[in-house]
Amino acid sequence: MTIPSHPAAAPAARAYDLRKTYGAGDSAVHALAGVTLDLEAGRFTAIMGPSGSGKSTLMHCMAALDTPSSGTVEVGGTDLGRLKDKDLTALRREQIGFVFQAFNLIPTLSAAENILLPLNLAGRKPDQQWLDTVIDAVGLRDRLGHRPTELSGGQQQRVACARALASKPSIVFADEPTGNLDSTSGAEVLSFLRRSVDDFGQTVVMVTHDAVAASYCDRVVFLADGLVVDEIHDPQREQILEHMTRLQDLAAARSTGA
Amino acid sequence: MLKLTLRNLFARKVRLVMSGLAIVLGVAFLSGVLVFSNGLSSTFDSIIYSSTPDGIVRPEQTSSFDAGGATTTQTISPEAVDQLAALPEVARADGDVNGIGMSLLASDGTLVGGTGAPTLAFNHTDGPNMAGEPPMGLTSGRWPTSPDEVVLDDAAADHGDYALGDEVKLLAPFGESQRTATLVGTAEFNGGGTAGATLLVFSTEGAQDLFLDGANAFNQVSLTAADGVSQKALAAAAAKVAPAGFEAVTGDQVAEESQDAVGQFLDVISTFLLVFAIIAVIVGGFIIVNTFTILVAQRSRELALLRALGASRRQVTQSVLLEALVMSALAATIGIGIGWLLARGLAALFRAVGLDISSDALTLDAQAVVISYAVGVGVTLVAAFLPARRAGKVAPVAAMRADAAPVRESLRRRTIIGGVLMAVGVAFAVVGLVGAGPGPDALWIGIAAAIWILTAAGISSVIGRPVLVVCRGLFGRLFGTTGRLAGENALRDPRRTGATASALMIGLALVSCIGVLATSLNASVDDVVDEEFTSDFLVQSTNFLPFSTSVGDSLADVDGVATVSRQQWTGAQVGDSTVLVTANDAAFNDIYDLDVVAGHQDLQGDEALVSKGFAEDHGLKVGSPLKLTFLAGKALDLEVAGIIEGSETTGDVSIPLDLLAEAGVPRQDTSLSIMLEPGADPVAVGKAMDEAVASTPIVAVYDKQEFAESIRDQVNQLLYMIYGLLALAIVIAVIGIVNTLGLSVIERTREIGLLRAIGMSRTRLRRMITLESVAIAVLGAVLGMALGLVIGVLLRQALKDDLTSLGLPLGQLLVFLVIAVVVGVLAAILPAIRASRLNVLEAIATE
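Those sequence lines, one after another, are chains E and P.
Under the numbering used here, the first residue of the first sequence carries the number 1, and numbering increases by one thereafter.
Under the numbering used here, the first residue of the second sequence carries the number 259, and numbering increases by one thereafter.
Please keep in mind that the hints were generated in silico from the structure rather than gathered at the bench.
Fair warning: there could be bad hints in the mix.
[As the list claims (entries may be wrong)] Simulated DEER-style distance windows between Cβ atoms:
no.	chain 1	residue 1	chain 2	residue 2	range
1	P	Gly731	E	Lys86	52 to 60 Å
2	P	Gly731	E	Gly77	37 to 45 Å
3	P	Glu1100	E	Ala28	15 to 23 Å
Please read all numbers here as calculations on a predicted model, not as lab measurements.
Think of the CB as a built atom: it goes at the ideal place given N, C-alpha and C, for glycine as much as any other residue.
Work out the full structure: start from the sequences and follow the hints.
Pasting the structure below:
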């Protein structure tokens, strides 16, 4: 299956015939059953799908957190399959930004220190101008000295976003970044991710099952049973919901039919 | 609930092993010491009973093991022995000749036995012990029959490399010092072994030659009771015919006296070891407190769930205590097993320094087992009590909360209580310093020290903060973010860091305190030697026992030697107390200028010199009469001619050397002071003197530096032994650090996952955990050393009469700090490997 890529942008990351199998023989579970996907630079992509569709596994494999059983992943033109743990670590540090659903920050460090952590680990000097831009964009300038426990959930996620962007990564992976937030805080985080794509030209990939969150994106890729089954560009919330409902119905029909 | 507790316990095998290890080691040391002490006393008991006859006739005021070099010239004649044998109550009477101060040389001329256990020399008789058996049994050859034959114990023959028929080299305490005898047999006490003592068995005639100048006489008589005669009846009958100055005592009494005398010595060894076992157990207790506190904190959600499901507070508390009980019982069992092996190790160690404990005597008796279990289980339960109570306090609603860290009471109350206790310690220390309290000043300071150390352990979370902040800054500067994170982690839970460091703190406080005292002792020794070593050379035996006067004779013949001043130390009684008496020749006064408070130093005739302290204790002034009673029962009536400041060169009482014959003390030398002729080359003469005494390896010729060094060596030997014993406490403390770090890694799994995800390499992660470990270790070391220094300095102040100089072991402290860093690095190895092996994805996904 070929997915037509956006003609305007080169891919920031790409997956080719990606497979991830747990177990062996009859009990083998194919979390990814051959995914080929280009994630274009400078765009905000959502990956959606019902539970167990393989969306988290896809993200983990593409973000160098997990190794696929077969297939290739390229991030910023580098083939991850050839890298050892040390190089993967360096790649994550320098080319990839992360925003997780929860527990994004190191509790012993202040907000500012958390934002700078990947840069410090890499031993790189931060680009102060870029940093100021990011910090102002997340609107946390007056909170920089606070520890994570002194910040609200939304503020914590915004700090996590700022950290993800601080090193100007090739691509930012966000795993349900609004999953633990109320709708107002969630909207703030999503607006910021949107802005980072629009204003700063960043590449963001977000795994979500929330149609509202996905509606902030340029493109939504739908996964089911470890395969890319659908995608829409410049989606509307209702459109997404329809797709989701159809996928879930299909999944339900298959599981009862089987 | 019981089932759940046990499941919990076995579900966490690693934790179980790690927490249990602290108890295992503590109990192992304790039971090892108990078994060893038992073995020690039973070895001596069996030797004492197997070598004591039904009754003994001996000079008055003797007791069999009253060593210290005091001997007597008083003897009993063969006629008196016959008279005793003729008594109807007496089955047989055997005259004994025994002497101390005899030494055995190996075939290569070196000393056998060394400085440890004594060398016992006596004649062989057929007299049985109180059980009716021969006291000794031959293991090869035959008993000596002529004066030039000798029987050795097996170990001595082995060490000396002698076979039957060989010429055995001996050093005699009197007269011509070098002797030889033919080895005709080897023997052992019937009680088994010799406890490390070297035995020299001669024929009666041979022993009389050696110790009684060839006179046909005896030192004492061993009596064997006739059938049906009790020991008491035997002693009473013998007392009637015993010559003047002699007493008859029962074998039981002799054995008892021997046990008392040996017991004192053995008690010192046992108590010494026991102190370190207790320290190890206390340190282990701290680790248990910490481990259980962390375990309870980590399980608080689970405990809350139990509470929500209907478990009472009591049930939750009891389940934690039960867990502690099962764990400690298991650990104590293993510990007792290891302790039994450890006792063998200790026995081997003591065998190396000359105290031979037969392995058969090292048995686990019921008492040792009960004490070990009681201490192991008791300490664990006490230590687990607070965490268990905290577990009961977890609110059921905590099960619903995401962040279930138990609410912690603030450190303020702890700080205040700690501050008050510290002040109480200061009060004790002040009483000790100004000498206001009853009892020894050092004891008051000791109490203050105990209060301080335990309080510091309790509030280490507060007082340790500055050290951790410094560590954080230093690590941040040296290792960047990794270091900074490590510093932050150490500061994150000050209680946990503090409690973990406390174990190490206790160990290092003791080590540093001992270090200060030892260094001060060495410095004081240097001072005294500097001040009082006024001769060119000093000759003494390695264990300060008297030696033959022939040594002095041969040294006087060395070219370049101008004067050999002789001094003999012996014991005497003044009233009820024993006093060390030095008998000095006339040349002594030319060499030593004593600090005379009153009267004069030169003694004429029946005069004595006494120390100021002795004069005060006995109310003596210049001109006062002084009666000294010596071992033989003979007394000297003297007049106090002078009072001097206490000195290391003399005992409390000094008398002229020529009075010793009158006192019935056989002449030997304890110390020779040598002055060279003007212009003589000290190096050359020293060498010549070394050669002159080469054949008498029990004595050594010291110049000032060598003498100070020989004393320092002894001090340091003891110091290293103490360090060795404290090392166990440090090992237990290391286990504590491993444990805390391991549990922290489990607790911070998600955080570690996050760090790995956003780009921390495995190497850096390991470094971060290692640095946290180093921070804990350094905290313990710094607090411990600070406390140890303060306590050591205060103790030195309280003991300033003996420890005249204060010495600070700065070099050693630096070494301790380095060791602490190494300890930190070692302790982090396992937790760091474990953390770096965490799968990033699983770690992030961990709840």
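Going through the hints against the structure:
| no. | hint | verdict |
| --- | --- | --- |
| 1 | P/Gly731 to E/Lys86: 52 to 60 Å | violated (29 Å) |
| 2 | P/Gly731 to E/Gly77: 37 to 45 Å | holds (41 Å) |
| 3 | P/Glu1100 to E/Ala28: 15 to 23 Å | holds (20 Å) |
When the structure is compared with the earlier hints, a violation turns up for hint 1 alone.
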